[in-house]
Amino acid sequence: MNRPPPLDAGVHPLPLHISMRSLRIGPNRSGCLFILVLSAMLIGSINSKTNMGILLTFLLGAMGAVSLLHSGLNLIGIRILSASARPVFAGDSAVFDLDITPGDTCRRSIGFAFTPEGKTLRHLTPPAPTRVTVAIPTHRRGIFRPGPLSISTRYPLGLFTCRAELRPALQCLVYPKPISGPVPAENPSRGADEDNGAAQVPGVEDFAELQPYKPGDPLQKLYWKAFSRGQGLYVKSFADTAGGSDPMVLDWDTVPGADPEYKLSRLCHMVLQAHRQDIVYGLRLPGHRIAPNRGDVHHRVCLKALALFGRVSQTG
Amino acid sequence: MNAESKQTLPVVLSLAAAAGPHAAWLPFWIIGWVAVLWGYAVQIDRRGWPAPGPAARQALTIAGVLGVLLTFRLALNREACVGLLAVLGALKPLEMKTYRDRMVTAFLAYFLVLTHLLFADSLGMALYMVLVVFNNTAVVIGLNDPDGDFRTHLKVAGRIMIQAAPLTLVLFFLFPRVQGSLFGISRDSTGTVGFAETLSPGDITQIVKTDAVAFRATFHGPLPKPDQRYWRGVVFWHFNGETWSRADRIPFFRNPPGGTGILQYTLSLEPHGKKWRFALDIPVIAPPGVWMFDDFSLRSRRNLAQRTTYEMRSSTVYPSGPLKPWERIALELPVSGNPKAWAMARKWADAADTPESVLALALAYFRQNDFGYSLAPPPLQAEDRIDDFLFRTRKGYCEHFASAFAYLMRAAGIPARVVAGYLGGEENPYGNYLIVRQSDAHAWVEAWLPSRGWTRVDPTSAVAPRRVEQGPAAAIGPDGRRSYLDLPVLQPVLDFWKRIRLGWDAANLYWNLWVIGYDRPHRSSLLEGLATRYGLWIGLLMICGCLAVFPLVARRRRPPRAPKDPVQQVYLRFCRKLARAGIPKMPGQGPVDYAQEVMRKRQDLAPAVRQITWHYVALRYGRRPQTGARQIFERLVAGFDPKSGGSASLPGAKKGKCPV
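Top line first, the protein sequences correspond to chains Y and W. Under the working numbering, the first residue of the first sequence carries the number 1, and numbering increases by one thereafter. Under the working numbering, the first residue of the second sequence carries the number 317, and numbering increases by one thereafter.
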């Protein structure tokens, strides 16, 4: 059940453009009402032998037909150049940034959507590409591949909805949803082979010593009290990070609970906490371990490992 | 305030533009109602005034409907319907919260345009209609593109309308027309200016003064000369001493003996609410749906409630032949009254030896006895009207002269009848046609002479010759009707204005001929004309059009066509063989993947499948296929048999490295 959705045969690599074949055009609710109004007008005109009424009705009808062509031409030729999405946590919306060029002509009121609710209306003006942001909610961790991207317009008259469903190869990394909970009381790295040290609990306030501030040290560890006393800039240095003797390892096995997804969510929360406090931490998952480290890159590597744990055949 | 909520104002303005002309006749309370509610709706958006809830809207709806019903006294006519539409249309903008509401309101504006067309169908109204549609379309575009500016929307709306024009015209001219109406409800009569069913001097005074157009006649050849522009309408046979009326039973016109000086023209008759049709003296053929009587009067079956256009053919020289027995009623006179006129006519009859000379005596009498043409003649006394006119007032217009002259003829024993119609017509240089107005109404006499049959005699022309040449205004004379507009300084301006007026009139006429009057006969004649003249071209165009459209349609409907590549066809044959063996190729599966799947499932086929796939990949995707590789590939596939465990190793088949 944890397998990611396979790459469909219909998914196309970018860049991708809207061709005439991919268009679907049909009257929408307003269009149906319009047709109804026109029918009433035609019947009334015929009945009262008002040729001008017939003329008016046909003028409006022909305008509707012409607007259909305009709608189609409003879409044909739109090209998706590239797409990117930042990783998100499960339950949040994956936000895809699409770079889209309109071709030679101006495109008015183009809707981009993965789901009917999350529609983004944009105008595209040549020649520069426009960045369109389309969001879609995620539910599960892993590699998220959104369904077809629906590009639609009802411009100019709103009588017909013209829609093209493109299936660009898009994906977004989804981290587990972080769940806070009690911190494991025991040493998380109890089973570790080499690092048998004192219990290190993330978030402890006591620190070993103060070190002079060096550029690059995280600001949240500045010792403000000393600074306010005019003693200069110092950085709180925690025992575990400063000593480097016992780096904390967040271990799958120490997290209580039977549900692996829950465990991943807890670990995700811990990783976030550790990163926020700039602690050196490692991660151990069944069959996978990440050496203790700190920093943004390490943080992302850990989260990605959590996101992809148990998922096969993905390259990120 | 987002862009969407600013859209109430344009929608309301568009509605107002669409409904505007109705303000001319709608009751004041409806106009006020509409103005207040629309203003309030705009303020809801602009100032954030509270929007009325459903209960308030329902109360307003009920109040409005009741008001309309009471105002129009429960009548369900055109006016009441438009009033109802206005009252309810005023409520609609109050609940314009969503895109959909605004779209519905914009459609209401389109519908409102139609309601005007029920009242007036002039060219001016058509232009107005186009403008409102243009504006409203721009508003609709604005609803669908809230961030754009209105000028761009107008531009797009204009482009759409221009692009829609050809299709509109084709649809309009080719759309089948029905004879009669669908549900038997027809338009109300709009004819307000009627032509008198009877003639008693004094009645036409009213008509003489109106400049309203009676009809327009477009000639296919040259226009008739001014003295031939007698437009025949009603023929009066009976005279009771004060009123002329038409005969009850006149036979239908049967045998057309033909005439000379035939003129062909199209007459576009304004609605007058009666059955009379007009034609240049003397019509020889009745248009379809119109009866022609033996006195050359034309009468349609229904009252003319709308503008009617018909083809006519008239003869300027027409010998009517001997007096028919029924025509003897043209000699009848009341037994008593008008003794002096009677005596004078009898005296002429005794003195003259031929009817022609009696006629000449009568005309000379009118010419010599100080008769005057006047549009406001003194009233005639109730008794002996003819005597009173001939011997006392001597002031009158066509009716007086015609009536008195016909009386004198009958008294002298010459059959005579009074014909009412029009005389004259304004030439329009922008089209080969005459505009005949109600002020051109005229009456003259026809007398039967043994030598010439029925002969037109116009006693008015004996009194006021300019009436024939230049119309009633000229006949009145220089001090008749004069206004400050006659100043010579203003003459160029007046001429210019006249040209504009005539140009506009011409545009209106062609509009009426081609759009308003376009009906079933017109359509069939247009189609016939097109078919006979351009049938070949139209056919060719249609065939070309179909040929042009066909590939588009065909490409969409048909499944992907078989590949032309022979290598691929051979490969597909191979795939079909495998499919029969139970391993079909999936749509997205590449040849190598497929081969792997086959080999996994059928170990025994592996060598053959590997060979064939390798050849196929090499032939299709390789850069330079070896010579003869295709033949080998074909033979391999031909010999491939999934049942027997693949093909035998073929001579020349290379055991090369396989990409599989």
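What the hints contain is simulated information worked out from the structure, not anything from laboratory work. Accuracy of the hints is not assured; some may be wrong.
[What the hints assert, rightly or not] BS3-like, lysine-lysine: derived pairs with alpha carbons at most 27 Å apart: (1) W/Lys591 <-> W/Lys663; (2) Y/Lys49 <-> W/Lys656; (3) W/Lys959 <-> W/Lys917; (4) Y/Lys177 <-> Y/Lys49; (5) W/Lys893 <-> W/Lys959; (6) W/Lys901 <-> Y/Lys119; (7) Y/Lys119 <-> W/Lys591; (8) W/Lys656 <-> W/Lys590; (9) Y/Lys49 <-> W/Lys959; (10) W/Lys663 <-> W/Lys590; (11) W/Lys814 <-> W/Lys901; (12) Y/Lys119 <-> Y/Lys49.
[Stated by the list, open to error] Okay, the calculated bits of chain W under chain Y, using three or more residues with CB under 8 Å as the criterion: (13) 418-426; (14) 447-459; (15) 531-540; (16) 884-894.
These numbers come from a predicted model, not from an experiment. Glycine included, every Cβ here is placed at the ideal spot set by N, Cα and C.
Would you mind confirming whether the straight-line C-alpha gap from Y/Lys119 to W/Lys591 stays at or under 27 Å? The hint is violated at about 64 Å.
Run the distance test for W/Lys893 versus W/Lys959: straight-line Cα separation, threshold 27 Å. holds (10 Å)
Within the assertion that chain Y covers the segment 531-540 of chain W, do at least three residues meet a Cβ-to-Cβ distance smaller than 8 Å? Since three or more residues must qualify, the claim that chain Y covers the segment 531-540 of chain W is violated, with 0 doing so at under 8 Å.
Do three or more residues of the segment 447-459 of chain W come closer than 8 Å to chain Y, measuring C-beta to C-beta? holds (count 5)
Under the criterion that the straight-line Cα-Cα distance not exceed 27 Å, is the pair Y/Lys119, Y/Lys49 satisfied? Not OK: Y/Lys119 and Y/Lys49 at ~46 Å, beyond 27 Å, violated.
Between W/Lys656 and W/Lys590, does the CA-CA distance stay at or below 27 Å? violated (37 Å)
Hint consistency between W/Lys959 and W/Lys917 [alpha-carbon to alpha-carbon, up to 27 Å]: holds (14 Å)
Check whether the Cα positions of W/Lys591 and W/Lys663 lie no farther apart than 27 Å. Violated, at roughly 41 Å.
Taking a Cβ-Cβ distance under 8 Å as contact, does the segment 418-426 of chain W have three or more residues in contact with chain Y? holds (count 4)
Given the hinted pair W/Lys663 and W/Lys590, is their alpha-carbon gap at most 27 Å? Violated: W/Lys663 and W/Lys590 sit about 41 Å apart, past 27 Å.
With a cut-off of 27 Å on the C-alpha distance, tell me whether Y/Lys49 and W/Lys656 pass. Between Y/Lys49 and W/Lys656 the Cα gap is close to 55 Å, so the pair fails against 27 Å, i.e. violated.
Hinted pair Y/Lys49 and W/Lys959, Cα distance within 27 Å: violated (76 Å)
Hint compliance for this structure: hints 1, 2, 4, 6, 7, 8, 9, 10, 11, 12, 15, 16 are not met, and every other hint is.
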